[in-house]
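Peer 1: Residue-level listing of the chains:
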Amino acid sequence: MSKPIVATTSLAGCFGCHMSILDIDERILQLIELVDFNKSPVDDIKEFTEMCDIGLIEGGCCNSENVHVLKDFRKNCKILVSVGECAIMGGLPALRNNIPIRECLEEAYLNGPSTKDANPDRIMPNNEELPIILDKVYPCHEIVKIDYYLPGCPPRADLIWNALVALVTGDELKLPYEVVKFD
Amino acid sequence: MSEQIKFTIDGKACTTEKGTNLVKAAKENGVYIPILCHLEGIKPAGSCRICNVKINGRFMTACTTDVADGMVIENITPEIQELRKIIVETLFVSGNHFCPACEKSGNCELQALGYRYQMMVPRFPYEFEEKEVDANSNKFYIDRNRCVLCKRCVRSVKSKDGRSIFAVKGRGHKAIINIDHELANQLSDEEAMEVMNTCPVGSILKKERGYVDPIGRRKYDTQPIGSEIETINV
Amino acid sequence: MNSQVQNAVEKFGKDASRLMDIFHEISHEKGFVNDDDLKQIATEVGLSKVDAEQTLSFYHFYSKKPMGKYTIYLNDSLVAQMMGRAEIADAFEKATGTKFGSVSQDGLFGLYNTSCIGMNDQEPAAIINGVIFPKITTYRVRELIREFRTGKTATEMINSFGGGQNQSSRIQAMVTNNLNRRGAVIFADYNSGEALKKIKTMDPREIIDEVKNSNLRGRGGAGFPTGLKWDFCTKSPSNERYLLCNADEGEPGTFKDRVILTEIPDLLFEGMVIAGYAINAKEGILYLRLEYHYLKNHLETVLTTMRKNGLLGENACGIDGFNYDIRIQFGAGAYICGEESALIESCEGKRGEPRNRPPFPVQVGYLNKPTVVNNVETLCSVVKIVMNGAEWYKSMGTKETSGTKLLSISGDIRYPGIFEIEWGMTIKEMLEMAGAINPKAVQVGGPSGRLIAENEFTRTICYEDLPTGGAMIVIGQQRNILDVAKNFTEFFIEESCGSCAPCRYLTVILRNKLQKIMDGKGVLKDLDELETWGKQMKKANRCGLGQTAANPILTSLENFRHDYISRIEKGKEFDTKFNLEAAIQESSRVVGRFPQV
Numbered sequence: 622m623s624k625p626i627v628a629t630t631s632l633a634g635c636f637g638c639h640m641s642i643l644d645i646d647e648r649i650l651q652l653i654e655l656v657d658f659n660k661s662p663v664d665d666i667k668e669f670t671e672m673c674d675i676g677l678i679e680g681g682c683c684n685s686e687n688v689h690v691l692k693d694f695r696k697n698c699k700i701l702v703s704v705g706e707c708a709i710m711g712g713l714p715a716l717r718n719n720i721p722i723r724e725c726l727e728e729a730y731l732n733g734p735s736t737k738d739a740n741p742d743r744i745m746p747n748n749e750e751l752p753i754i755l756d757k758v759y760p761c762h763e764i765v766k767i768d769y770y771l772p773g774c775p776p777r778a779d780l781i782w783n784a785l786v787a788l789v790t791g792d793e794l795k796l797p798y799e800v801v802k803f804d
Numbered sequence: 550m551s552e553q554i555k556f557t558i559d560g561k562a563c564t565t566e567k568g569t570n571l572v573k574a575a576k577e578n579g580v581y582i583p584i585l586c587h588l589e590g591i592k593p594a595g596s597c598r599i600c601n602v603k604i605n606g607r608f609m610t611a612c613t614t615d616v617a618d619g620m621v622i623e624n625i626t627p628e629i630q631e632l633r634k635i636i637v638e639t640l641f642v643s644g645n646h647f648c649p650a651c652e653k654s655g656n657c658e659l660q661a662l663g664y665r666y667q668m669m670v671p672r673f674p675y676e677f678e679e680k681e682v683d684a685n686s687n688k689f690y691i692d693r694n695r696c697v698l699c700k701r702c703v704r705s706v707k708s709k710d711g712r713s714i715f716a717v718k719g720r721g722h723k724a725i726i727n728i729d730h731e732l733a734n735q736l737s738d739e740e741a742m743e744v745m746n747t748c749p750v751g752s753i754l755k756k757e758r759g760y761v762d763p764i765g766r767r768k769y770d771t772q773p774i775g776s777e778i779e780t781i782n783v
Numbered sequence: 019m020n021s022q023v024q025n026a027v028e029k030f031g032k033d034a035s036r037l038m039d040i041f042h043e044i045s046h047e048k049g050f051v052n053d054d055d056l057k058q059i060a061t062e063v064g065l066s067k068v069d070a071e072q073t074l075s076f077y078h079f080y081s082k083k084p085m086g087k088y089t090i091y092l093n094d095s096l097v098a099q100m101m102g103r104a105e106i107a108d109a110f111e112k113a114t115g116t117k118f119g120s121v122s123q124d125g126l127f128g129l130y131n132t133s134c135i136g137m138n139d140q141e142p143a144a145i146i147n148g149v150i151f152p153k154i155t156t157y158r159v160r161e162l163i164r165e166f167r168t169g170k171t172a173t174e175m176i177n178s179f180g181g182g183q184n185q186s187s188r189i190q191a192m193v194t195n196n197l198n199r200r201g202a203v204i205f206a207d208y209n210s211g212e213a214l215k216k217i218k219t220m221d222p223r224e225i226i227d228e229v230k231n232s233n234l235r236g237r238g239g240a241g242f243p244t245g246l247k248w249d250f251c252t253k254s255p256s257n258e259r260y261l262l263c264n265a266d267e268g269e270p271g272t273f274k275d276r277v278i279l280t281e282i283p284d285l286l287f288e289g290m291v292i293a294g295y296a297i298n299a300k301e302g303i304l305y306l307r308l309e310y311h312y313l314k315n316h317l318e319t320v321l322t323t324m325r326k327n328g329l330l331g332e333n334a335c336g337i338d339g340f341n342y343d344i345r346i347q348f349g350a351g352a353y354i355c356g357e358e359s360a361l362i363e364s365c366e367g368k369r370g371e372p373r374n375r376p377p378f379p380v381q382v383g384y385l386n387k388p389t390v391v392n393n394v395e396t397l398c399s400v401v402k403i404v405m406n407g408a409e410w411y412k413s414m415g416t417k418e419t420s421g422t423k424l425l426s427i428s429g430d431i432r433y434p435g436i437f438e439i440e441w442g443m444t445i446k447e448m449l450e451m452a453g454a455i456n457p458k459a460v461q462v463g464g465p466s467g468r469l470i471a472e473n474e475f476t477r478t479i480c481y482e483d484l485p486t487g488g489a490m491i492v493i494g495q496q497r498n499i500l501d502v503a504k505n506f507t508e509f510f511i512e513e514s515c516g517s518c519a520p521c522r523y524l525t526v527i528l529r530n531k532l533q534k535i536m537d538g539k540g541v542l543k544d545l546d547e548l549e550t551w552g553k554q555m556k557k558a559n560r561c562g563l564g565q566t567a568a569n570p571i572l573t574s575l576e577n578f579r580h581d582y583i584s585r586i587e588k589g590k591e592f593d594t595k596f597n598l599e600a601a602i603q604e605s606s607r608v609v610g611r612f613p614q615v
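Residue numbers (our numbering), protein chains in the order written: chain P, 622 to 804; chain V, 550 to 783; chain U, 19 to 615.
Simulated from the structure, these hints should not be mistaken for lab results. Note that the structure is a prediction, hence the values are computed from the model and not measured. Possibly wrong hints are sitting among the right ones.
Unchecked claim - Calculated pairs, BS3-like style, for lysine-lysine (alpha carbon to alpha carbon, straight line, at most 25 Å):
(1) U/K557 / P/K766
(2) U/K153 / U/K117
(3) U/K539 / P/K696
(4) V/K768 / V/K756
(5) U/K557 / V/K592
Said to hold, decoys possible - What the simulated footprint calls covered on chain U by chain V, stretch by stretch (three residues with Cβ under 8 Å from a Cβ of chain V suffice, anywhere in the stretch; the number is not a length):
(6) 68 to 75
(7) 506 to 519
(8) 552 to 558
Said to hold, decoys possible - Residues from chain U that face chain P, not an exhaustive set, calculated with beta carbons under 10 Å:
(9) F30
(10) K32
(11) E43
(12) H46
(13) G49
(14) K588
(15) G589
(16) T594
(17) I602
(18) S606
We treat Cβ as the ideally placed atom computed from N, Cα and C, and that holds for glycine.
Excised from the complex, chain P in its bound form (with noise of 0.2 Å):
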């Protein structure tokens, strides 16, 4: 029987989550046996290959390209989990939700303290090969379908841990009163 094939990535994220599922530490073994990965920063597979059974996205959107990979990933998985604080809800990109766009990219690349004087053309990103950055950062299920959400910043490696071995095993998630963090 072939095994479920798992795709994960990070959109506005920092890879922190990335990180905690390295962090189930010797488990990792246990892992390999039980899944296989697919696009994933992972295995540095860059594009789908197959119908996967798991997508585990970190990050919320925050760029035009984030809202295509997340799509893409809704399109590729049956099953799409949120993983992180930014993906649930846009996470520390989203500190910038309450201030308009104009002013963030003007702080970013005309005012703030490091361009003011470097800037002198005033230029901001235009290129085409750029993703456009959107009004404000999305939590994800906020652009498209997702079934699951595990919280935290990062989410504990024993939840993320247990999360996917209920959903490659089908057993009851169990989640100690430890794990389920939002920071």
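Since the structure of chain P is already known, use the hints to place chains V and U on it.
Peer 2: Coordinates of chains V and U only, in the frame set by chain P:
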């Protein structure tokens, strides 16, 4: 000795002194009724509604109710738990609660209620409304992104001559907490610390303090809010 | 130190419980109360500045900054919208060169939306510097603004008087009564003062028993038995009691008190004296919404006459030891102050936030003394009950609902106005009576009531079947039910005191969800969520406002589900309304990039 009365919570036989506040009476009997705006020792507000219970079949807030003899109280039913969870989720989306960046994280009562009711994500959309931070007082600042308008500060923090240092401004979803800086600046460091501790969330913070307790040793890291009550053997 | 502020503070005895009056005094003079004023007031009455501001900022009609030389409040009620408010609002914006919610650059005009001003029978209507301008047309808007620019006052722009007392020198308002049907109780012929002669021969206990026997119930909507309320109050031990009359009528669609106060204020005040005598009150307070400030002189004149005639004051009505007077307390724009305990808070100079119960106002009310709060119509009924007896009163109405009811009927009908009916009329008869045009729905009891469809038109107006405070809004076939639900929900958002968390914000969540559906981005799941979330409101909140704030959505969903279904996206199960093109518009503009997804 004053009169003892009997009542039940979820079928459990309880006793208390006549005229005792229900939250307190429940606590004496080892039953936790969740509270957020309520704080023992100050006038109950009944504003967060998290302590909603059913008394003789009617929804009422426990914090504003004194126990009467023979009261039949429902505290943990699917209907009540669902209502409480909805209230917690409403509070999460009505503010901008970035737990990972908050000094009060781990010691925050709202967050602890989120844990208690296993909120994985609020069911409501985030609005990210703009809220102002007021850092004009000498000893503390108020971050309205995190305020849940429990009004604990409004009710409890007074100047020496009894004037309110905190007050509500505006109404409805535009209501905010205002500080009287002149009066606030007269508070001592200890009093300012007390003010911060009065706030159930990370909205009123003492200046020059920041993150104090390491993760793992904060109030709600390992034990759910209310569990200290539920372990009492009666 | 500002002497104007000082005078105001001293006029009301430096009493913090008269904060509303102090603010009114200053606002009336200069239109606003600024930080310096607040500071001075607070110091004088013994509050902190933020505490004083806590009250000021609660009320819609107070401001900390100038609101324009001409402050224009345009009614934003559903019926105003149905009668063409949008066009009028547009005309105001064009003529004044400013947007709603702001003051024109020259400081001349301030444009503001306001909740129902009690003129649903003559919409669109506006209040400009306290003067009511009913039935406004775009022509009239341009005329007003043109003349204001030449320096004319709002009063000078009064170009006609409404009928009845509206044209008396004490009122001189353009408001019309539209008293379309007089009944046997409130608007029946009556010789002023007769009942007050009669009570001289009656023991307070007798009066209470008579009212109890009449089965009179509170006419504001909640329907609590009036005699019982009085009885409870007299049984609360105290040496001081109060009688408050609730003339806040803020429920959109109701305007009955306006007509009573215009035409038969003496009847109301007599009712207040009788109630005051029955419960042995020290003082009666008429809590009047500021929208009806134009009636102030009229009402004060009646009170002055009563004092002169010995009906108020020491040994009032010639009853030894009955020392009783009535004062008018103006509100300042807050629907919630129609809730009796919020009304009491407001009378005490505080934010109009409902109190927790128990204790009830009859135990601990105004200034913490036992207090009865009665509706205007209730107190008017009392006079007639005292005159004609409980049996006479019970001979009208249905088995369980005695007497008559004033209905304020507006919307898509030929004859908007006040109708005094005997309880027991069906909705169908009512529609016929008021000349309804192609009715699709009736909002019974205003936004906090029920939106009913044709299948319920056979129901009977009475406590056994369809109870109501009397606001009836008829909605024609051409109207969109979702617009109705939205207008009412936004009314509740605007008017929530903000104390209870669910009322404060779940209302906003519900409105946003409704808007999503109206924008064509709704899916079936959204309807279920509206319903489940809306149902929490009744359980979760403290007062009637919060408990009923989801009623517009819940009852329209229940009775007009197809109107919602027709707006739902077909064949879609998930849509968050996220739109990538829209989300990148602004940043593309900032970096100067052609939007490219």
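Peer 1: Compare the structure with each hint and give your call.
Peer 2: Consistency of the hints with the structure:
1. For the suggested pair U/K557 and P/K766, the alpha carbons sit about 30 Å apart, so the restraint of at most 25 Å is broken.
2. Distance restraint check for U/K153 and U/K117: the Cα-Cα separation of roughly 21 Å lies within the 25 Å cut-off, and the hinted pair is therefore satisfied.
3. Restraint check for U/K539 and P/K696: satisfied, since their Cα atoms lie roughly 21 Å apart, inside the 25 Å limit.
4. Proximity of V/K768 to V/K756 is assessed by CA-CA distance (about 21 Å); at most 25 Å being required, the pair is judged to hold.
5. With a C-alpha separation of about 23 Å, the suggested pair U/K557 and V/K592 falls inside the 25 Å cut-off, and the hint holds.
6. With 5 residues bearing a CB less than 8 Å from a CB of chain V, the stretch 68 to 75 of chain U meets the requirement of three and the coverage assertion stands.
7. Counting residues of the stretch 506 to 519 of chain U whose C-beta sits closer than 8 Å to any C-beta of chain V gives 9, which meets the bar of three, so the coverage hint holds.
8. Counting residues of the stretch 552 to 558 of chain U whose CB lies closer than 8 Å to any CB of chain V gives 3, so the stated coverage by that chain holds, three being the minimum.
9. At its closest, the beta carbon of U/F30 sits 41 Å from a beta carbon of chain P; the interface hint therefore is violated under the 10 Å criterion.
10. The interface hint given for U/K32 is broken, as the beta carbon of that residue sits about 42 Å from the closest beta carbon of chain P, more than 10 Å.
11. Given the 10 Å rule on beta carbons, the hint for U/E43 is violated: about 39 Å separates it from the nearest Cβ of chain P.
12. This hint is violated: U/H46 has a C-beta 37 Å from the nearest C-beta of chain P, more than the 10 Å allowed.
13. Annotation: U/G49 was flagged as interfacial toward chain P, and the flag is violated, the nearest CB pair being 32 Å apart, outside 10 Å.
14. Because the closest C-beta pair between U/K588 and chain P is about 18 Å apart, greater than 10 Å, the hint is violated.
15. Here the hint on U/G589 is broken, as its CB sits about 15 Å from the closest CB of chain P, past 10 Å.
16. Because the closest C-beta pair between U/T594 and chain P is about 5 Å apart, less than 10 Å, the hint holds.
17. Using the Cβ-Cβ criterion of 10 Å, the hint placing U/I602 at the interface with chain P is satisfied: the shortest such distance is roughly 4 Å.
18. Interface restraint check for U/S606: the shortest CB-CB distance to chain P comes to about 6 Å, inside 10 Å, so the restraint holds.
Violated hints for the displayed structure, listed by number in ascending order: 1, 9, 10, 11, 12, 13, 14, 15.
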